[in-house]
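Peer 1: Take a look at the letters that make up each chain.
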Amino acid sequence: MFALDRPVRSPLQSASGTRHIGVLNIVTGLTLNPAEVVPATVPGQMSQEVAAPGAQTGIDPGLEARLASLGRLIRLAAVVFSMIALLGLVFPVFANIPPGPAVVRDMTPAVGFSLVALSVAALLAGDIQRSSRDLAWRRAGLVLAVLSAAFGLYIVIIFLGNLSDVWLSADAELPSFSVGVTLVVLGLAIPLIVSRFESRVLAGQVGAMLVFSLTGVIFLGYLYGDPSVGRLFLEPEISVQASLIALLTALGVFLIRPASGMLSTASNPGAGGKLLRRFGPVVLLMPAILLFFAENIPSSDRVDALAFIAVGLGLVLLILLAVVVRAIDQTAIEAATSAAEAERARIGLEQEAPVVSRLAEVLHIVDVGELAGWETATRFRPGAGSVAGDASGIRVFPDGRIGVALVDITGHGADPAIQAIQVRDLLLHSIRLGLTPAEALGQIHWHAAEEVLASAIVMRLVPQSGSVEVGSAGHPPAIHVGPQIADLISPEGPLLFLDPNSRYENLEMELAPGEAIVLFSDGVADVQRSMNGRTEPEIIADLLLAEGGVAARTADLVLGFADAEPSDDQTVVVVRRSH
Amino acid sequence: MSGIVIERSQLNDGWLTFEVKGEIDLATVGDLESAIDEVLANGEQGLVVDLNSSSFMDSTGLKALVMADRRFGEAGRGFAVAISSGPISRLIDLSGVRGSLRVVESSADIH
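Chains as they are written, first to last, in my numbering: chain A, 688 to 1266; chain B, 125 to 235.
The hints are simulated quantities; they were obtained by calculation from the structure and are not laboratory data. Watch out, some of these pointers could steer you wrong.
[Claimed, not checked] Chain B residues, not near chain A, derived (Cβ > 10 Å throughout):
1) 136
2) 137
3) 151
4) 158
5) 161
6) 183
7) 184
8) 211
9) 215
10) 226
11) 228
[To be verified] Listed below are several chain B residues computed to face chain A (Cβ distance under 7 Å; list not exhaustive):
12) 150
13) 163
14) 180
15) 195
16) 199
17) 214
18) 219
19) 225
20) 227
21) 230
Where is the CB? At the ideal position from N, CA and C, for every residue including glycine.
Use the sequences and the hints to build the structure in full.
Peer 2: What follows is the structure, encoded as structure tokens:
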């Protein structure tokens, strides 16, 4: 193997300095220590770690978990409170329900509270679906939520349609019952819908803010009573019940996804987060501020309208703020993250360049010296970058035999390259020890923890006699080519690391003078691709039969057949008996 | 380089089918792996990846299927590949994974 002349640390290296190179845990009679390939630990490199600003955008995970738990508890409290209301503890209140607008006047309390029950069921179903994997529950929860929200919106439209009456006539009465039901329905449906879509948390929270603000108005009305805001809700007892439920659920949805919504945005250290932290409270307090001034204005008949306008303006501003803040923050974060990633990549490249260069040099080796009567040729074209999962080797051993191995590890980059080199060397060393190609392949076992898969083809040649043995582990066929012959050779055997009990066929044959064995990886030719009924390996065989020659020409012909800009590595190995 | 399309459908007994259309290679295998990860994270009893509408699969796709088979097996859930004939079937034969994976001709053969 090779030695490193200076410490290196890759971008993949952990903060502790431990390098996870994913080296194969190959269990064979042969020992190969991964630490020989790359130092296991490299001290003194921590200062080059680049912090990602994006990591600061979320809130503390522990706090997030606690807030989420609190959110669930609050939502559960809302459900419990709703159930108490449904059980009739507040039922006597409905004895004096004022008549609503004509459209909803016929709607009895039973119908209204059935819808409340629907909302509660939706909320419960939603909470259950978060912990349940049952698809039916999720669908049921969503359907209930949509039904609830639709009803709530229907009432809102009616409510707003009749709002002008309030402003135009000081004696008009609005249906507090309808208002209460609406708030409950929206307050319960919105959190459920929000909880289903991670990407819409912010929008959902703004929706919850709407419910929250309306509840605030109702509370103000309850506190003030007649003659100001309370005029909107002549039966404050009902509204308070509904408000409590809606307020709790709205608060619950704020907390249930703290890391994805406005809390996360507000906790952002960037400019957008500061903006929200400084102006958000002002926006939230705006209704109360306006009410304070409105109360001191003699024309108090307009107070109700002002309260609603204030809430509406506050919400619009808040929504705009949230959108702007998010855009500002995300842009800043993305820019900073990109810069950090670029810096990391630069450092990584600088550190790894010598290693990668050295790896590329040892991926394909030919160590045959002067071998009378034989010639070899190797060609390699990487799929992307400079190192990949193909490795090949041709070696002459002390007993005079030639060992040839071509290995293709699935994947790309430094790790597969190291793994391919290891497997190739293990195979060649097994041949050197006297194992047949099939036995050598069978010696390589896998470790279950590794997600590695490889194809390989191995040959053992006796130069004096021309006898050849071939074993294959799920590799594309080799080609036996000569002036009069072009046959595909495909010994049976599964991919390496697939099954520890795999068995491999050991195919024996003779090479006559002028004949060659051609090995190639699937980046060169794939059995899946065909033309005019001939697979790519068969087409190459035809080509070599017609135009083949010495080893170098044969290798060039095969590589010339392959895609010049491959996505996968291309390796060609030719061993030819010249005379 | 074209992408892949994965059409999901539910089978009986909680099994899910992925009908994969397009070429599965280094550029597209991530989509397949992500989809498989989603199924692993959910509660389906098993998954059958139907490759009868796929035109090509390279070794990265093969690896994704083998690793998925191991993970489903470790989770005590079912995993199968549906392929009847054609280029991908040749790859499965050549690579020798037919003995390791549960290979059926179509997703209808699961039960």
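Peer 1: Does each hint hold? Answer for all of them.
Peer 2: Verification of the supplied hints:
1. 136: Label holds. Min Cβ-Cβ 14 Å, cutoff 10 Å.
2. 137: 14 Å, holds
3. 151: Violated, because the least Cβ-Cβ distance between residue 151 of chain B and chain A comes to about 7 Å, which does not exceed 10 Å.
4. 158: Given that every Cβ of chain A is farther than 10 Å from that of residue 158 of chain B, nearest at about 15 Å, it holds.
5. 161: Its Cβ never comes within 10 Å of chain A, the nearest being 13 Å, so this holds.
6. 183: Violated, since 5 Å does not exceed 10 Å.
7. 184: The assertion about residue 184 of chain B is violated, with a minimum of 6 Å to chain A.
8. 211: It is violated; residue 211 of chain B is separated from chain A by about 3 Å at its closest Cβ, not greater than 10 Å.
9. 215: Given that some Cβ of chain A is not farther than 10 Å from that of residue 215 of chain B, nearest at about 5 Å, it is violated.
10. 226: 14 Å, holds
11. 228: 19 Å, holds
12. 150: Interface hint status for residue 150 of chain B: holds (6 Å vs cutoff 7 Å).
13. 163: Residue 163 of chain B check fails; min Cβ-Cβ to chain A is 11 Å, beyond 7 Å.
14. 180: 5 Å, holds
15. 195: 9 Å, violated
16. 199: 13 Å, violated
17. 214: With Cβ-Cβ at 5 Å, under 7 Å, it holds.
18. 219: Holds: closest Cβ of chain A sits about 4 Å from residue 219 of chain B, inside 7 Å.
19. 225: Hint on residue 225 of chain B: violated, closest Cβ of chain A at ~9 Å, above 7 Å.
20. 227: This interface hint is violated because 13 Å lies over the 7 Å limit.
21. 230: Given a least distance of 20 Å, the restraint on residue 230 of chain B is violated.
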